[in-house]
Each structure stands twice: as C-alpha cells, then as structure tokens.
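Chemist: Top to bottom, those sequences are chains A and B. Per the numbering used here: the first sequence = residues 1 to 109. Per the numbering used here: the second sequence = residues 110 to 330.
Be aware that a few hints might be false.
[To be verified] List of simulated lysine-lysine pairs, DSSO-like, C-alpha gap at most 30 Å:
| no. | chain 1 | residue 1 | chain 2 | residue 2 |
| --- | --- | --- | --- | --- |
| 1 | A | LYS7 | B | LYS207 |
| 2 | A | LYS7 | B | LYS128 |
| 3 | A | LYS7 | B | LYS129 |
| 4 | A | LYS7 | B | LYS155 |
[Unchecked claim] Covered stretches of chain B, going by a simulated chain A footprint (3 or more residues, C-beta under 8 Å):
| no. | segment |
| --- | --- |
| 5 | 128-135 |
| 6 | 216-229 |
| 7 | 292-302 |
Derived by calculation from the structure, the hints in this document are not laboratory data. If you're wondering where the values come from, they're calculated on a predicted model, not measured in any experiment. Ideal placement from N, C-alpha and C gives every residue a C-beta, glycine not left out.
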Amino acid sequence: MSAPLTKEFLAEEVRRYHHFITLALWLAAITGVEIVLIFIPLPLAVIFTLLCLLSAVKFFAVILWFMHLIYDHRLLFWVFIAGLALAFATFTALLALFHVDRIDTKWFS
Amino acid sequence: MSQVAESSHAPTSTGIDHKKLIMWLFLASDCMFFGTLISTHLIYRKLYPTGFTDAEGHQHFVQRLFDIELTSFSTFILLMSSFLMALAVSAMHKGQIKSFRRNVLGVIIFGLIFLGCQVYEFTHFYHMGLTIQNSVFGSTFYVLTGTHGTHVAIGVLWLILLYFYSFTGKLGGHVGALDVEVAGLYWHFVDIVWIIIFTVVYLIEYLGPNGFWGTGLPIAK
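Work out the full structure, taking the sequences as your base and the hints as a guide.
Modeler: Structure, rendered in structure tokens:
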C-alpha cells in the first residue's frame with residue numbers, strides 16, 4: 001500500500017470505524033422511528049414533514065460519513081450537490097407543472 | 110486524515126484522483142435520473158390515485174398491495190450492507206485484505222437478500238394483477254423500483270468480481286484501495302436512493318385516515 005500506514009493514519013481509521021458503527025445504529029433507529037410514525041394518529045402534514053426530514057437526515061448522514069464527503073476534497077461535495085440540486089429543481093418544476101386536481105375516473109385508472 | 114489520503118494520490122490538476130472524480134460525476138448525473146423517475150411516479154400517483162384494475166376487472170388499492178414488513182426488512186438489509194461496505198473500504202485503506210473479503214462478502218449476501226425480496230415482491234404484485242402495462246401505477250412503480258433493483262444487481266456483480274479479484278493478489282496498494290472505494294461509492298449511492306424510495310413510494314401510502322392520495326380508503330388491513 002503506497003499510502004503511508006503511519007500511527008496518525010491508523011488512529012484516524014480507527015476513529016472512522018467507530019463513527020461508522022455509531023452511524024449504522026442511528027440509521028437503523030431512524031428507520032424504526034419512520035415505520036412507527038406512519039401508525040401514529042397525528043395530522044398528515046406533520047407526519048409527512050417528519051418523514052421527509054428523517055429521510056434527509058439519513059441521506060446526508062450516508063453521503064457525508066459512509067461516502068467520505070466530510071473527509072474528502074470539497075469539490076466532490078459540490079459536484080454531487082450540483083447533481084442533487086438539478087434533480088430537486090426538476091422534481092419541483094414537474095410537481096408545479098402537474099399541480100392539478102385528480103383526473104382519475106373509475107374507468108380510466 | 111485528508112492530507113494522508115491526498116498525499117497518496119497520483120498528481121492531478123484537481124488534486125483528486127480521476128477515478129473518484131468520474132464516479133462522483135456519474136453519481137450526480139444518476140441523481141437526476143432517479144429524480145425524474147421519482148417525480149414521474151409521484152405525479153401519476155396524484156393524477157391517478159385509485160390504484161389499478163386487474164385482468165378480471167377488479168379494482169385494487171395500492172395501500173392494500175404493499176407489505177410494510179417486507180419493505181422495512183429490505184430497507185434495514187440495505188442500510189446494513191452500506192455499513193459493511195464502509196468497513197470494507199476502511200479495511201482496504203489499512204491493507205487488511207482478509208477483513209475486506211469478510212465485509213465485502215457480507216455486502217454481497219445482503220445485496221442478494223435485497224434482490225430476493227424485490228423478486229418476491231414483484232412476483233406477488235404480478236399475481237395480484239399488477240403488471241407494467243395495466244395501469245399508470247404499475248408502469249411507474251415497476252420502472253422506478255426495477256431501475257433501482259438493476260443498480261443493486263450491477264453493484265452485487267461488481268463486488269463479486271472484486272471479491273474474486275482480491276485472491277489474485279493484484280488488488281492491493283493505493284490503486285486497489287481506490288478501486289474498492291469507487292465501488293463503495295456506487296453501493297452507498299444505491300442505498301441513498303432506496304432511502305428516498307422507501308419514504309416517497311412506500312411509507313406515504315400509509316399516511317392519513319384516507320390514504321395520502323385521498324382515495325377514501327381506510328389504511329386498516
């Protein structure tokens with residue numbers, strides 16, 4: 001391995017190892033909370049917002065720690081965020097374009 | 110740490126290894142791909158909320174179709190596979206090839222379990238009368254989850270190849286660690302896409318007394 005296996009390097013890897021374990025436990029716990037949430041009789045808007053927030057937390061936790069974006073070159077973060085922003089903009093634009101009432105009928109579904 | 114990792118990179122104009130940069134560019138473009146698929150699914154769920162009609166003319170509701178236990182299990186499996194992949198990458202950085210093999214084998218097994226769950230789910234839906242052709246919901250659902258499943262299958266194949274390649278003794282050093290890291294990035298991406306799909310395709314179907322899309326159907330099974 002050409003990367004120097006210095007004491008500092010190994011200590012950092014061990015630190016990351018513990019981060020990964022903690023994160024995996026958090027991810028499992030958040031998924032459990034999401035599943036419980038859908039059966040709680042709260043207003044739909046509240047649960048929907050909470051589900052979106054929890055998904056976003058899981059999403060960013062994985063990209064930052066498991067995918068090393070928090071440790072890597074800053075450019076990689078912005079490359080990915082650019083793609084993500086375009087996807088989100090497309091998503092928002094499409095939802096806005098099709099923001100019409102239900103057109104479903106029982107014979108056309 | 111970043112100084113240690115960067116010092117082992119081949120010199121590039123950006124200071125980032127080209128393989129890693131290309132993979133991140135690909136993942137950014139794949140974000141847009143899945144973004145459009147998810148948007149399409151949600152728009153058509155809104156426009157055609159009542160579900161689908163099978164070959165015998167029976168009306169089916171999506172809320173009754175999904176199996177939250179199976180989907181939750183699949184989600185948990187994929188999250189844990191991502192954890193094992195992070196450990197496999199870490200092992201390769203430390204030059205621990207045996208630890209890498211153990212962890213990557215775990216990822217492969219978890220990936221195959223996820224695919225098995227998806228095959229079971231698709232088969233079950235097909236027998237319930239949902240096909241890719243008989244409704245808008247069927248089309249968008251199968252295309253979206255099928256595309257994700259294809260990504261998982263490609264990831265599993267990639268990791269199987271890496272696993273066997275590691276026995277040749279050529280998967281070592283900085284280049285080997287980088288190859289594993291790039292495969293890991295792909296695998297984690299598959300995981301984050303599923304995090305979104307799990308919420309916007311599956312979980313929201315259970316919300317509200319009349320279903321999220323207001324079909325007037327109580328969610329009690």
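Chemist: Against this structure, judge whether each hint is valid.
Modeler: We went through each hint and held it up to the structure:
| no. | hint | in the structure |
| --- | --- | --- |
| 1 | LYS7/A with LYS207/B | 21 Å, holds |
| 2 | LYS7/A with LYS128/B | 27 Å, holds |
| 3 | LYS7/A with LYS129/B | 25 Å, holds |
| 4 | LYS7/A with LYS155/B | 56 Å, violated |
| 5 | 128-135 | holds (count 4) |
| 6 | 216-229 | violated (count 0) |
| 7 | 292-302 | holds (count 6) |
In summary, the numbered hints that this structure violates are 4 and 6.
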